[in-house]
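Listed below, chain by chain, are the residues.
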Amino acid sequence: MDLTSVKAMASGSKHSYIRKKKFNFKKDMIGWAIMLPGLVLFTFFVWKPLLSGIILSFFETEGFHAGKFIGFGNYIEALTDMNFKKALLNCFKYTFWTLLLTYLLPPFMAIIINEMVHFRGYFRFSIYFPSMVPSVAVSILWLFLFDPGPNGFLNILLSYLNIEPSGWLQNPKLTIPLIVLTMAWRNFGPTSVIYIAALQGINNDLYGVAAIDGAGFLAKIRHITLPGIYNIMRLFLAVQVIVVFQVLQEPLVLTGGGPDNASTSLMLQIYHFAFRDFQAGKAIATSVIAFIILMSLTLVYFKLVKANTDME
Amino acid sequence: MSRFSQKTGGFIGVMDLKRLRVRVLYWCMFSFLFLVSLVLLVPPLWIILSSLKDVREFYATPPSLLPKTLQLWKVVEVWNKLEFLRYYGNSFIVVAGCVASTIIFNGLLAYGISRLKPRGSKFIFGLILASIMLPSTVGMVPLFKDITNLKLMNSFVPLWLMSGATAFVVMVYKNFYDNIPSSLFDAAEIDGCSTFGVFWNIVVPLSKAINMVIIIITVNSSWSEFFWSFMILREKTLQTVMVRIYVMSTSFSSVGYGIDYQLVALTFAILPPVIMFIFFQKYIIQGIALTGIKG
Numbered sequence: 001m002d003l004t005s006v007k008a009m010a011s012g013s014k015h016s017y018i019r020k021k022k023f024n025f026k027k028d029m030i031g032w033a034i035m036l037p038g039l040v041l042f043t044f045f046v047w048k049p050l051l052s053g054i055i056l057s058f059f060e061t062e063g064f065h066a067g068k069f070i071g072f073g074n075y076i077e078a079l080t081d082m083n084f085k086k087a088l089l090n091c092f093k094y095t096f097w098t099l100l101l102t103y104l105l106p107p108f109m110a111i112i113i114n115e116m117v118h119f120r121g122y123f124r125f126s127i128y129f130p131s132m133v134p135s136v137a138v139s140i141l142w143l144f145l146f147d148p149g150p151n152g153f154l155n156i157l158l159s160y161l162n163i164e165p166s167g168w169l170q171n172p173k174l175t176i177p178l179i180v181l182t183m184a185w186r187n188f189g190p191t192s193v194i195y196i197a198a199l200q201g202i203n204n205d206l207y208g209v210a211a212i213d214g215a216g217f218l219a220k221i222r223h224i225t226l227p228g229i230y231n232i233m234r235l236f237l238a239v240q241v242i243v244v245f246q247v248l249q250e251p252l253v254l255t256g257g258g259p260d261n262a263s264t265s266l267m268l269q270i271y272h273f274a275f276r277d278f279q280a281g282k283a284i285a286t287s288v289i290a291f292i293i294l295m296s297l298t299l300v301y302f303k304l305v306k307a308n309t310d311m312e
Numbered sequence: 001m002s003r004f005s006q007k008t009g010g011f012i013g014v015m016d017l018k019r020l021r022v023r024v025l026y027w028c029m030f031s032f033l034f035l036v037s038l039v040l041l042v043p044p045l046w047i048i049l050s051s052l053k054d055v056r057e058f059y060a061t062p063p064s065l066l067p068k069t070l071q072l073w074k075v076v077e078v079w080n081k082l083e084f085l086r087y088y089g090n091s092f093i094v095v096a097g098c099v100a101s102t103i104i105f106n107g108l109l110a111y112g113i114s115r116l117k118p119r120g121s122k123f124i125f126g127l128i129l130a131s132i133m134l135p136s137t138v139g140m141v142p143l144f145k146d147i148t149n150l151k152l153m154n155s156f157v158p159l160w161l162m163s164g165a166t167a168f169v170v171m172v173y174k175n176f177y178d179n180i181p182s183s184l185f186d187a188a189e190i191d192g193c194s195t196f197g198v199f200w201n202i203v204v205p206l207s208k209a210i211n212m213v214i215i216i217i218t219v220n221s222s223w224s225e226f227f228w229s230f231m232i233l234r235e236k237t238l239q240t241v242m243v244r245i246y247v248m249s250t251s252f253s254s255v256g257y258g259i260d261y262q263l264v265a266l267t268f269a270i271l272p273p274v275i276m277f278i279f280f281q282k283y284i285i286q287g288i289a290l291t292g293i294k295g
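Protein chains in written order, with my numbering: chain A, 1 to 312; chain B, 1 to 295.
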């Protein structure tokens, strides 16, 4: 290709670009005008706070005001903080229990509900019902049920079984699994509904054909049912880890992070740094660290999933 | 057992169900589900029932699982004494404003990104998607500072406008607008319809169902919203129901409300969304399956 033809191509494309621009200018303006109110709100409530947060994390803070530039000072302070280490460890505990309770239960329940011919409407109602209860109300509700006194609901139930009353949330070993349990209780309805919708999308003839071929129940579940919900399961794995890593309100209301920081999540620790200790810089530095951890986990996960599907 | 013959789909076929062992398995699964459904339904019901029992019964030995006394007058008493009319009023104002702001601002933004596509709008959509990944705590402190500086503390305005910037709603709307056949738009343009005319005469009527889904989701989420209401509405007379029950639960012993009062208040917080669910169950469940999200 010689120089002139390249030049001609370049000028040609430039020419058409200008024409397109002229043609679209009015349309562009209208488009931006329609989007403007939304953009202003996104800027004020989402983007600007994120940006100034990241900037603020490199400054010494007094109250919520920026002092002098200290580079990674806040980050070092956060990383060496005992409470941070504890909260990070707790977040992995939260994630573990979420995978066990919140993640695996819904597909299991959806598969069973999909088999039912009796009471289908009732089951769908009951499974969805808790998610309509506001999450603060859910936490307070469970606070009453987990009342460690002999008159708490669950301790009354235990007393019928002649078991000593339990401390429930006061017990540092139980507190995280119980908090996750209350979250699972509230959240698994919508997730199950999505799984049920996916299950109903499976071609029913497949089951018939498999039966003729002599496939048992387990074989049918393995080769027809599970592949039908595999994609959703893969997506929810990432979504639920991202969500539980950011848990704040539940430990705040249920335990305030106690007993002795046993249930403090990263976000709750950040809230404490910011609004209890008034160390804004440290709080934001911790959020950024949390974000980096979350981001790398998600990236590694999707890489692994991709490698896996490529192999198949 | 004629119902079995209507069964379609699932790994248990109609023929399988004629075998005794499969029937036993089926009823085992049924009982398991039934147990789970009790775990899901009983706790709120127990709270609602217990709130009506005599306060002395809470501390009785042996403790009672089901209330022996029902004091219905307590509902009225708590409603009046704790001034719940005011908190309901506050919550309704918040919900109404949030619904309007969610639909108008996110809907228009998504329409621009999906249909008008001015240059640079792809980048904007990328920014919106990216902001879902960042934990909101990064911006928590600066946003709180901005709200204080603009003297918006103890005001509903930031709560309303905040829901006008919900990335997830933008995504749902964009997805919906993307799937409207472009022939409709072309036809309107040929007929000389302006951009606003197209929006008003074609998009708005088509969006009724999706708006309904978004309204229900927003009513539920803004009724339940706690964190920012708690941070912004510091004045007691402006608090929403959620903030109120949280404040009560952290301070009830010092203020002197009995446990029964707290449970009645909790019932007040639970009832509106539950009633809404009973009326709109179909819409809500469809909406969840449609949008593929959690409420």
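If you are wondering where the hints come from, they were derived from the structure by calculation, not from laboratory data.
Warning: the hint list may mix true and false statements.
As the list claims (entries may be wrong) - Simulated coverage check for chain B against chain A, where a stretch passes if three residues somewhere in it have a Cβ under 8 Å from a Cβ of chain A:
id	region
1	23-37
2	66-76
3	90-99
4	123-133
5	206-215
6	276-285
Said to hold, decoys possible - With a straight-line cut-off of 30 Å between C-alpha atoms, the simulated BS3-like cross-links for lysine-lysine are:
id	chain 1	residue 1	chain 2	residue 2
7	A	K220	B	K7
8	B	K18	A	K220
9	A	K48	B	K117
10	A	K48	B	K7
11	A	K86	A	K220
All C-beta atoms in this analysis are idealised placements derived from N, C-alpha and C, irrespective of residue type, glycine included.
* To do: Identify every previously stated hint that the structure contradicts and give their numbers, smallest first.
  => Going through the list in order, the structure violates hints 2, 3, 5, 10 and 11 and respects the others.
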